[in-house]
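Enquirer: Each chain, letter by letter, is given below.
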Amino acid sequence: MNVRNLHLNIDFLGSSGVVLSTEQKSTLQSSLTVVQHNENFGDLYFWGKILGLNKDYYIIQGTPKEPSAFERKTLYSQDCMNWGLLIPATEDMKKQAKVITGRFTGDPAYEFEKTIISVRNKEKETPELSVEAEEEEEEEEEEDDDESLDLDQKTVSMKEEDRMAAVIANIDADTALVPRGAYVLDSLGKIYKNRLFEGLSPFEASKLDYYFHFRKPSFVDHRTLIVRADLDRAIDFMDNISEDIPRGCWSIQQERGGSLVTIRSLYWVGYTFYHMPRTTEYGSAYVGTGEKNIDLPFML
Amino acid sequence: MSALRSASDLSSPRIIDSQYVDEKSFLYETSTVTGLNLYDHLARVLTKILNEKPQNAADVFEDYSRNEKRPKPAPSSRNASVADEVQSKTELALAEIQEKLFSKGEGEDDIEVEDEYPIPNIMELSFFFEQAGIGLNREEMFRVGMALKNLTENHPLEHARFWGKIFGIEDNYLVAEVEYREGDEEEDEDDALEEVSEEQERQEAEENEEEDDTPKMVHRVSVVPREEMRTGANKKTYFVCNELGKPWTRLPHVTPAQIVAARKIKKFFTGRLDAPITSYPPFPGNEANYLRAQIARISAGTHISPVGFYQFDEEDVDDDDGGALPDNFIINTEFEPIPARELASSSLTSWVHHVQHILPQGRCSWWNPKEEEEGEPDSDAEEERADEPQPEVGPPLLSPLSGDADVDGMSPWTTSLSSKLVPQFAVAVVRSCLWPGAHAFAFGKIFENIYIGWGHKYSAHSFSPMQTAPVQDEYPTEPKITEVDDPTPEEEAAAREGQEEDDQDEQDDDGNYDDDDD
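Residue numbers (this note's numbering), protein chains in the order written: chain A, 20 to 319; chain B, 5 to 522.
Bound-form chain A, shown alone (with noise of 0.2 Å):
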């Protein structure tokens, strides 16, 4: 969400848990107005906090002046005072991220280990992956039940920093909803903020149908002719969260009457949208342990 009113705007995800403290909100509002300028952002954005064991760490997001895109810059802290960007997370960096599982400790210079037994069947060349869990350096015995099988140990580590970055950047791919209006596109291709954006209606805003991805849409083309002859060019450019794979992954409701509509994520537990309908009031938080719920489908 905007860090403009961020003493203000936290308190409509007050009913789903996310409460910042006095101290913490009065250091955020000194810091964040010297990191908006430092960096000479255009938009800062809280994006929220990932929970470590010992330490927390709290994360915000800027777009530059001059929006490009969805291009943001992620910057990270564990006492709101002090920020360290993080560097954008690389195709690799993502994959490695996916692997590794286990809480976020709170120490950034942290290195996670793990060690991918991979076994390949001689008879398909296709390699079979079985993930052995570990954190501390432990050898893992080899078990050689069958001759045929090699056996292949990688070991794969990544620094907490990186994790982090990586783990943020699946986030946003995955979540970072915005109602349906918000953004434009317009003829030149350039993404920017509609003006004259006046919220969702109330029966629009109760349906998934009017939030999308806030991200590089990915399937967006494969629609048919049918639908998209309803679409509105300008407006419906980016992926509808009412199609995300499993359906039912996303909670909405409404809370004080309707007149504020709350969006969980049951994915990456911990993400909360609001919106309030008929007026501009929107953003997004994450207060989580940084991990994905992979048990979603055994618990619909």
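Where hints are given, some of them may not hold.
FRET-style restraints, in silico, Cβ to Cβ [what the hints assert, rightly or not]:
id : chain 1 : residue 1 : chain 2 : residue 2 : range
1  : B       : 278       : A       : 299       : 31 to 41 Å
2  : B       : 157       : A       : 118       : 30 to 40 Å
3  : A       : 264       : B       : 284       : 19 to 29 Å
4  : A       : 234       : B       : 73        : 39 to 49 Å
5  : B       : 334       : A       : 316       : 11 to 21 Å
6  : A       : 234       : B       : 57        : 50 to 60 Å
7  : A       : 212       : B       : 48        : 17 to 27 Å
8  : B       : 334       : A       : 135       : 48 to 58 Å
For the record, the hints were derived by calculation from the structure and aren't laboratory data.
Small disclaimer: the values here were computed from a predicted structure and weren't measured.
We treat Cβ as the ideally placed atom computed from N, Cα and C, and that holds for glycine.
Let chain A serve as the given structure and place chain B on it in line with the hints.
Expert: What follows is chain B alone, placed relative to chain A:
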């Protein structure tokens, strides 16, 4: 044709008129595609811009133009307006319900300071929760307090506190933990429900018995009985509501079977108490029971207090026999507040659990399944002792947190101080890693637990459901037990004839019988 004319050309009015008319009629041309005409469109856009006078009007001109072009719902279309009306009605309805929360009850004008006020000081707790960065926002907590007050007015309660909030897919649950006053227990409701369901089961069993005569299994699986009210896992009663202001619903007591099953499944709550839980192993109950089981597990695992706040009653300690552990405690009136720094140290020695641990059996006190079969004489005394199941033991009440098992190699609790800048007045905060969402804070003599989350345990490994039982073997087929069709009458007749022929053959040899009828 439509180029700018210089002043000299203004001489001929007729030409200007015709040009003007031409160009104006061009502007009035309606588009074959959308039915708009440029003149009206420009008029509307310019009117809107002049009314609103936005900054950088020239830059936002396209936005206005596009907005005007978007098909607007006709005023006569009912869809949006009806839905909006419905919305405002629900908002209004909820606001009216919540208004009642704020109305003072009768007889409250004489301010009697009761010694035993059943509800804690909600605003004080909400202040501390906010300092710790957990919980709900202040207005919501105040409404929680009012709702609790409402609850105590409708039921005879000794204590009531806000247990926490559990999120669901369609709706959330706000949970209140209460303790009834001695002797005022409303057992009727819950037991009545149970009696009804038991009767139904009995009736169904009888019906089934009448219908089939197949032999029943003699071996009976004994069901672990649930704990009595006010003991063990049923020590406290829980009320839930979906939205503050709406009436509170009491959750049924939890049975050990439900706790055992709840440990094996992982499901999101939907928000409806009567929703069925489809899972493997099948959960004995609906969402209300699952919710109650999870609440019991969370309470047993994460309700903590600073060491020394509660102590065992001395009378109970004297009555101790070898095996029984004290399960009741009282508030220590001589409690000395522990400094925040000690409470927030990662050694966790200054916190203790004050809710009994739930054994693998699903109860807090071990129940011996052999005790039920008292009537059956066992010939071999040795055999009996060998078959005696091992009593399950768990950590005793008021055991410190430092004895808690690690989660995935990490400490199961995270401690911190609420403020780094003012540590003198900081609140000690403890967060559970095993049940994400369970928090506790302590400051001086005040402490509280709260749970805000989805109601699931943390596990570093992904959940894998219980495997189904292996397919049971079929009885090996032997000719002795293989079913054979009964012989048909024709076959019987043929066999009898064959028999008679044999007899006759034998008798012919005798020569006594005459074949002829003469």
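Enquirer: Against the range 11 to 21 Å, how does the distance between the Cβ atoms of residue 334 of chain B and residue 316 of chain A compare: consistent or not?
Expert: violated (47 Å)
Enquirer: Quick check on a hinted range of 17 to 27 Å for residue 212 of chain A and residue 48 of chain B, using CB atoms only.
Expert: holds (23 Å)
Enquirer: Residue 157 of chain B and residue 118 of chain A, beta-carbon distance inside 30 to 40 Å?
Expert: Between residue 157 of chain B and residue 118 of chain A, where Cβ atoms are some 55 Å apart, the hint is violated.
Enquirer: Mind checking the hinted window 50 to 60 Å against the Cβ distance between residue 234 of chain A and residue 57 of chain B?
Expert: With a Cβ separation near 36 Å, residue 234 of chain A and residue 57 of chain B fall outside 50 to 60 Å, so the hint is violated.
Enquirer: Is the distance from the Cβ of residue 234 of chain A to the Cβ of residue 73 of chain B consistent with 39 to 49 Å?
Expert: Given about 28 Å between the Cβ atoms, the range is violated.
Enquirer: Determine whether the Cβ-Cβ distance between residue 334 of chain B and residue 135 of chain A falls within the hinted range of 48 to 58 Å.
Expert: Given about 55 Å between the Cβ atoms, the range holds.
Enquirer: Given a hinted range of 31 to 41 Å, is it respected by the beta-carbon distance of residue 278 of chain B and residue 299 of chain A?
Expert: Distance hint for residue 278 of chain B, residue 299 of chain A holds at roughly 39 Å.
Enquirer: Is the hinted range of 19 to 29 Å satisfied by the C-beta distance from residue 264 of chain A to residue 284 of chain B?
Expert: Holds, since residue 264 of chain A and residue 284 of chain B (Cβ atoms, about 23 Å apart) stay within the stated range.
The structure fails to meet hints 2, 4, 5 and 6 from the earlier list, while all remaining hints are met.
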